[in-house]
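S.K.: Single-letter residue listing:
2 protein chains.
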Amino acid sequence: MQANYKKLLKFTNKIADIKNAIAVLNWDQETYMPPKGQGFRAQQIATLSGIAHEAETSTAYENCINELLEEPSLNPVESKNIQLLKRDMVKAKKLPSDFVIGLSKATSKAFHAWITARKANDFELFKEALSEMVKIQQEKAEIYGYKDHIYNALMDDYEPKATVQEIDTLFSEVKTKLSPLLAQIAKSPQVEDAFMYKQFAKDKQWDFGMTILEQLGYDLEAGRQDLAEHPFSTTFSPFDVRVTTRIKENNLYDMLWSCIHECGHALYEQGLSAAEYGLPCGEAVSLGIHESQSRFYENNIGRSEAFWESNYPGLQATFPNQLGDVSSEDFYRAANIVKPSLIRTDADELSYHFHIMIRYEIEKQLIDGSLAVSDVKEAWNASYSKYLNINVPSDNQGVLQDVHWSHGGFGYFPTYSLGSFYAAQFEAKMVKEIPDMFQEIRTGEFSNILTWLRTNIHQHGRFYTSQELCKNATGETLKFDYFMDYAVKKYSAIYAL
Amino acid sequence: MQANYKKLLKFTNKIADIKNAIAVLNWDQETYMPPKGQGFRAQQIATLSGIAHEAETSTAYENCINELLEEPSLNPVESKNIQLLKRDMVKAKKLPSDFVIGLSKATSKAFHAWITARKANDFELFKEALSEMVKIQQEKAEIYGYKDHIYNALMDDYEPKATVQEIDTLFSEVKTKLSPLLAQIAKSPQVEDAFMYKQFAKDKQWDFGMTILEQLGYDLEAGRQDLAEHPFSTTFSPFDVRVTTRIKENNLYDMLWSCIHECGHALYEQGLSAAEYGLPCGEAVSLGIHESQSRFYENNIGRSEAFWESNYPGLQATFPNQLGDVSSEDFYRAANIVKPSLIRTDADELSYHFHIMIRYEIEKQLIDGSLAVSDVKEAWNASYSKYLNINVPSDNQGVLQDVHWSHGGFGYFPTYSLGSFYAAQFEAKMVKEIPDMFQEIRTGEFSNILTWLRTNIHQHGRFYTSQELCKNATGETLKFDYFMDYAVKKYSAIYAL
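One line per chain: the protein sequences are A and B, in this order.
In the working numbering, each number is its position in the first sequence, counted from 1, plus 5.
In the working numbering, each number is its position in the second sequence, counted from 1, plus 5.
Next comes chain A alone, as it looks inside the complex (with noise of 0.2 Å):
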């Protein structure tokens, strides 16, 4: 290996261990922390970003870079790892110090004007803290600099590359061609799903998940789970990789669909090349990615007859009482019961498009500057009628729904239905290449579909782009027939239509 290659690899190692550090605090902070803990955890994690973002924005650490870019013997997967490390350090040493001092006082009091306004229910308190969080948002994508659409700086963050052109393409398809599958679906007898809100002793839903877990090869030598209170998965390196789950006694959907969520991200993460720990190829490409791992084992995956045709016997045994009387084809139709709601995180894969779509409209607006803050609301409300059918009573149940906003995290929605849309194309892919792939699930046997992942996904890192992955992968770029294709099929079916 080349000699300033081992150098920064000394870097990237010390980064990576500090921030994967802090990653163990966050999750420690999040499941087992005792209460009074909070304040000095919360300076210690502080610490240790100061340290990560010293370490990161060293002088020693870019002439490093700066040297490999001219270095002529690396490999391609070197190559890559020095220009994206010289992309990410070019992209953070853009934002001036006193600008980042700003931006997290900004987010300090949006969040908390955010937790007042949700408390009082009331979107106005609400107002000026998130005009000032806008106002800072478009500042940074000034800083930044785009093409073509000033909210394209912003979706670069969470989606390297991705353009408004696209997105606004994904949109109009869903507008065009979801609406009209949604309304037959409306029209249609509608699905029973009380059964589903019986009570669920929660010590056998924690039992029955992880069977699942470990069913879809997620590897608890190298993870384990725990109860948070919004599930989430973590890493503190490829062999150490969490995920943390949610039990309502009286909701099945709760865990179990969180469960298979958070294990398709967790698959992904487990799946990263250890030999690239801190480095840009033992990373996850995007977010939109990293979704669509999610939302295929979620709904792909764990909404298909065939999941739940090998694992219902087992659910109904653990659950006699409250399971004994219902098909598997019923459960399976609850578990794909479409019902426009208000709140996007309960939301059905159909209608959730309509909700990521909603805020991406409204927030791409707010930053472009074609929708003042005092309109969001009534916008947001408009659109739920509109595309949705559904009146929005009051903001909690609203506007005021989701912390994004007020965690300055402009650009992150859209990643939700990309991976939804990728998770599709991937499936599609997929069946091609394992002829017997719902067969093999059927049978609760889930390894070729891992092996699919880690070979086209998980193990390239961010080698490639995301869109340069789906190629090669499917053959093509994102397309949201795709989705498409999969929803018509399976809701045909499940609504008769």
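Some clues are possibly wrong.
The list treats identical chains as one, so a pair stands whether inside a single copy or across any two.
To be verified - Only pairs whose alpha carbons sit at most 35 Å apart, straight line, appear in this in silico DSBU-like list of lysine-lysine: (1) 344 - 98; (2) 12 - 41; (3) 253 - 207; (4) 114 - 15; (5) 11 - 24; (6) 11 - 41; (7) 91 - 41; (8) 114 - 11; (9) 24 - 114; (10) 140 - 15; (11) 41 - 85; (12) 110 - 11; (13) 114 - 12; (14) 24 - 12; (15) 24 - 98.
These aren't lab readings, by the way, just hints derived from the structure by calculation.
Starting from the known structure of chain A, arrange chain B on it as the hints suggest.
M.R.: Chain B only, in chain A's frame:
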């Protein structure tokens, strides 16, 4: 506050934050980390340790301390912090970095040799590494410098200012005064404790342990208990002090008294001043005093008749089948069974001190050169025969049982006995100042006891030395007689001497 002192706090907070983050990583490693996480976790801890070391030895930090040494406007606590920070820094800087690396390598080698020797149950395989370890410990003592006896230099890392002269005096009393008591007990009718080895369901043991923690005043909003293979307590801040325990289904001793022991450690740490976070006056003064807190709770409280008068009915109700026919008195006697045995960690509170004395004498002689490594096993076995009347049947049950030497912990062992002796002296004073102390314990009331310890011990951190603390609290420096009085009174009753 003086400007330079404020500047100092930035350094000390940063160092504390990094070290506490390391503590979180270690805690996770011992409690929840999946097995494959080990490799990268070790690397992450090493990286953070390096960063902490850099911060602790930086010139800017040293200059700040030096300037404050000359600062007349500091209050007594601030002054003491500066003096102790200076002392710590001078000590840390004495060891050249080549030496530190050599020590770390010798430790790694010795630990692996010890593991190998344990597997083969053969001290021969540990000898060479132990010789190297002794040599490097001697070098360390020479670098530190010492008065009177080379071993003093090593004890100073664990029990600042302790001397061989003091420890020799204490152990000579152990020999002359405790030996006869042990001999008397050996001749008396023995205590029956077979019922302690019945089957006790783990979850019920756990629940009972939790009620004890709460009763003793451990703040579960500022701490938590988890399971670990080797029980320990650890601190991330005064508001997040955690304990761990171990539960054996067929041994009630193990969980009960290790739980109470760790609780004593944790109460000390929860009682340290949060305002002095990261500063000497916010740190425990010595391992001996730390152990006095754990042993006070474990033995003076947790093996007292009063404690079980209050708690035995609850334990009996938890395990009616196992303990229904065991009287409170018989349980109390079993809790205090004296039965010289081979393994230190299983020892009763009297013969325990012979285990310590034997180790102390061997390592003192190893360090001053009066005992060769090749003679250690013989010396060990001869001492066990002489003081405890026990034949050592194998190296694993003898000279290879403890990890300390392979970890380089020379000078550590005496602090265990110091802990018990301090605890007895504290108790003697406490009963004078809290006349109803044991009556309070009988009713499950521990707040006056905790207040006494908070006032006399915990809150001071390192402001006083161990001996000053002892003198302030009890009117005298450490005297063995308090332990002897405690032991004679307690065991005369139990064994009808």
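S.K.: Next, verify each hint and record whether it holds.
M.R.: Status of the hints after comparison with the structure:
1. 344 - 98: Neither. Shortest intra-copy (46 Å) and inter-copy (68 Å) distances fail the 35 Å Cα cut-off.
2. 12 - 41: between (41 Å within a copy, 26 Å between copies)
3. 253 - 207: Intra 7 Å, inter 26 Å, cutoff 35 Å: intra and inter.
4. 114 - 15: For residue 114 and residue 15, the Cα distance is within 35 Å only across copies (25 Å; inside one copy 37 Å).
5. 11 - 24: both (20 Å within a copy, 28 Å between copies)
6. 11 - 41: between (43 Å within a copy, 25 Å between copies)
7. 91 - 41: between (41 Å within a copy, 32 Å between copies)
8. 114 - 11: Between copies only: 27 Å across, 43 Å inside.
9. 24 - 114: both (25 Å within a copy, 30 Å between copies)
10. 140 - 15: between (38 Å within a copy, 33 Å between copies)
11. 41 - 85: So residue 41 and residue 85 pass the 35 Å test across copies only (28 Å; inside, 45 Å).
12. 110 - 11: between (38 Å within a copy, 23 Å between copies)
13. 114 - 12: between (41 Å within a copy, 27 Å between copies)
14. 24 - 12: both (19 Å within a copy, 26 Å between copies)
15. 24 - 98: Result: close both inside a copy and across copies, 18 Å intra and 29 Å inter.
Hint compliance for this structure: hint 1 is the single one not met.
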